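Keeping their order, the protein sequence lines are chains S and Y.
Be aware that the first sequence starts at 21, since it is given in our numbering, and climbs by one per residue.
Be aware that the second sequence starts at 58, since it is given in our numbering, and climbs by one per residue.
Careful, some of the hints might be misleading.
[What the hints assert, rightly or not] Computed, partial: chain S to chain Y, Cβ under 10 Å:
hint	residue
1	I37
2	C45
3	E57
4	V59
5	G152
6	P212
7	T281
Calculated from the structure, these hints are not laboratory results.
Owing to the predicted nature of the structure, the values given are computational and were not obtained by experimental measurement.
C-beta: ideal position from N, C-alpha, C; glycine also.
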Amino acid sequence: MRNIITIIVRLTLSCLIAAFVIGLCFVLTSKAKKHNEHVNEEKVIYSLLGYKGDAHPPESLKLSVLYRYVVSDPHGKSIGYLVPTGQGETTAFSFIRLDLDGNLIDQKQVAVGAEDAVEQEGRDKAIQAALGPGAELTYADKTIIVTENGNRISYLVTGKFPGFKTFVSVMLALKPDFSVRGLAILEQEEDPGLGAEIEKDYFKNQFIGKSFETLKTLDVVKEPIPEEYLKALESRLQKEEAAKIREQFKDHAIYALTGATISSRSVTNGISGTVKKFAYRLNILDKVIKDQKIVVPF
Amino acid sequence: MANDKTSMQLVANGILKENPIFRLALSMCPAVGISTTVMNGFMLGIAVLFVQVCSSVTISMVKNLIHPRIRIPTYTLTIATWVTVIDMVLAAYLPEAYAKMGIFVKLIVAFAIITMRLEMFACKEPVGASFWDGLGMGLGFMIGMMTIGLVRELLGSGAILGYDVLGFKPLLFFILPCAGFFVVGLMMAFFNYIEVFYKRKKGFTS
Numbered sequence: 021m022r023n024i025i026t027i028i029v030r031l032t033l034s035c036l037i038a039a040f041v042i043g044l045c046f047v048l049t050s051k052a053k054k055h056n057e058h059v060n061e062e063k064v065i066y067s068l069l070g071y072k073g074d075a076h077p078p079e080s081l082k083l084s085v086l087y088r089y090v091v092s093d094p095h096g097k098s099i100g101y102l103v104p105t106g107q108g109e110t111t112a113f114s115f116i117r118l119d120l121d122g123n124l125i126d127q128k129q130v131a132v133g134a135e136d137a138v139e140q141e142g143r144d145k146a147i148q149a150a151l152g153p154g155a156e157l158t159y160a161d162k163t164i165i166v167t168e169n170g171n172r173i174s175y176l177v178t179g180k181f182p183g184f185k186t187f188v189s190v191m192l193a194l195k196p197d198f199s200v201r202g203l204a205i206l207e208q209e210e211d212p213g214l215g216a217e218i219e220k221d222y223f224k225n226q227f228i229g230k231s232f233e234t235l236k237t238l239d240v241v242k243e244p245i246p247e248e249y250l251k252a253l254e255s256r257l258q259k260e261e262a263a264k265i266r267e268q269f270k271d272h273a274i275y276a277l278t279g280a281t282i283s284s285r286s287v288t289n290g291i292s293g294t295v296k297k298f299a300y301r302l303n304i305l306d307k308v309i310k311d312q313k314i315v316v317p318f
Numbered sequence: 058m059a060n061d062k063t064s065m066q067l068v069a070n071g072i073l074k075e076n077p078i079f080r081l082a083l084s085m086c087p088a089v090g091i092s093t094t095v096m097n098g099f100m101l102g103i104a105v106l107f108v109q110v111c112s113s114v115t116i117s118m119v120k121n122l123i124h125p126r127i128r129i130p131t132y133t134l135t136i137a138t139w140v141t142v143i144d145m146v147l148a149a150y151l152p153e154a155y156a157k158m159g160i161f162v163k164l165i166v167a168f169a170i171i172t173m174r175l176e177m178f179a180c181k182e183p184v185g186a187s188f189w190d191g192l193g194m195g196l197g198f199m200i201g202m203m204t205i206g207l208v209r210e211l212l213g214s215g216a217i218l219g220y221d222v223l224g225f226k227p228l229l230f231f232i233l234p235c236a237g238f239f240v241v242g243l244m245m246a247f248f249n250y251i252e253v254f255y256k257r258k259k260g261f262t263s
């Protein structure tokens with residue numbers, strides 16, 4: 021009996037000490053971690069827009085973030101968008117609810133600061149407070165609309181779809197006509213040397229310049245990449261020459277990776293699907309915003 | 058139980074005579090699964106080295122307080138604590154490395170080599186000797202992982218440290234996990250052969 025008590029006491033003590041050490045470490049590192057994630061995201065965004073390394077984006081460039089939610093309440097499901105409102109330096113947010121046919125249900129002011137809106141916890145709380153009890157919120161995704169002097173120059177869309185092993189998560193930069201401007205693979209766990217090659221320039225740069233019409237029916241071919249196209253994709257050529265060759269292959273199907281046809285195909289289909297859905301949703305949202313004369317910064 | 062080996066002998070012991078991968082054949086799962094490139098092997102090696110040294114020193118310090126019946130749970134708890142600490146520190150200060158090795162770091166809790174060294178060495182020996190033993194074992198593991206990684210990366214993707222040296226991919230098969238078994242097996246045979254050869258030369262019969 022005494023033995024058992026000693027064992028219990030000692031194990032509990034060890035666990036408490038371990039918990040204390042881990043807790044202390046968490047407190048010390050959590051701030052740096054959040055900061056890192058934020059910086060990393062910003063880096064991806066700006067490099068997609070073409071501001072790599074030390075090139076600073078101009079002051080006139082502005083990012084507006086839309087958060088999409090699925091709302092379930094006793095009346096059924098609806099789609100909600102948290103959008104910033106007003107012109108210039110905005111701190112006000114509105115939650116626009118649309119039914120599944122794309123008609124406006126209601127629009128509510130959400131009392132949330134710009135700082136809090138970035139964090140999911142604070143944002144969810146504020147929207148919940150605005151909607152009142154009974155509605156259940158599910159966060160879906162976010163979209164960033166980039167404007168320069170009030171004109172839209174780009175959309176940044178995140179997408180997640182199954183690859184060969186697990187989910188592949190990407191960020192796409194689209195031009196206002198929904199053609200692809202840039203692609204970044206954020207997360208993937210494909211096989212190194214095979215599927216993981218989707219991160220390489222010679223695969224992902226194939227998507228750049230594909231128009232919306234091409235994307236809709238984009239296919240994968242199992243053929244070796246032509247030598248000159250490969251050079252252009254890996255930016256080993258002069259800019260003008262590379263642009264010319266790329267123009268030539270603009271509407272061509274995606275060349276699959278050797279030994280990773282499934283990964284290539286799922287990325288291609290995933291991107292095509294992401295863009296199609298995004299274009300559909302944005303058109304509906306734009307129509308509502310225009311009809312209701314909501315003042316938005318984008 | 059006193060230890061008469063010097064610190065350098067302890068380190069060398071971990072790297073050569075009792076190399077975790079090639080001689081003790083412990084922690085084969087990561088050796089096979091992760092060592093697809095030199096860089097992967099190196100990063101996991103660094104993490105294991107750190108966990109091994111920290112846990113060895115911790116256990117050696119508190120060895121008189123550990124109840125003999127609960128020593129294994131205590132080891133696991135110690136290892137888990139250090140792994141969590143490393144996981145958090147890496148995520149906070151080296152996010153790029155963490156993105157690549159995040160899931161492997163959490164796996165270290167279950168590495169046989171660390172528990173085995175705590176049981177065999179750290180719970181009997183003084184702090185200093187445990188430190189050197191941990192360092193030796195960690196380095197041995199790291200070198201083993203990097204050697205396997207070198208072979209697999211060269212044969213699988215024709216590159217070393219991400220630089221294309223061959224210009225073509227000799228055998229894509231070597232990238233896949235199953236090829237890890239072949240590489241480890243062949244290298245074990247190679248090291249054993251060297252040992253036999255060396256002993257014969259010196260006049261021993263094996």
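Does the nearest C-beta of chain Y fall within a distance shorter than 10 Å of the C-beta of P212(S)? At about 5 Å, which falls below the 10 Å cut-off, the nearest Cβ of chain Y leaves the hint on P212(S) intact, so it holds.
Given a cut of 10 Å on the nearest C-beta pair, is the interface hint for E57(S) held or broken against chain Y?
holds (7 Å)
A closest beta-carbon separation below 10 Å is what the hint needs, so does I37(S) meet it against chain Y? Holds, about 8 Å.
- Go through the hint on V59(S) and say holds or violated, using the shortest Cβ distance to chain Y against 10 Å. holds (9 Å)
ask   = Do the numbers back the hint for C45(S), that is, is its least Cβ distance to chain Y under 10 Å?
value = holds (5 Å)
Q) Any CB of chain Y closer than 10 Å to the CB of G152(S)? A) violated (38 Å)
Problem - Closest C-beta approach of T281(S) to chain Y relative to 10 Å, hint status - result: violated (13 Å)
Hints 5, 7 from the list above are not met by this structure, while the remaining hints are.
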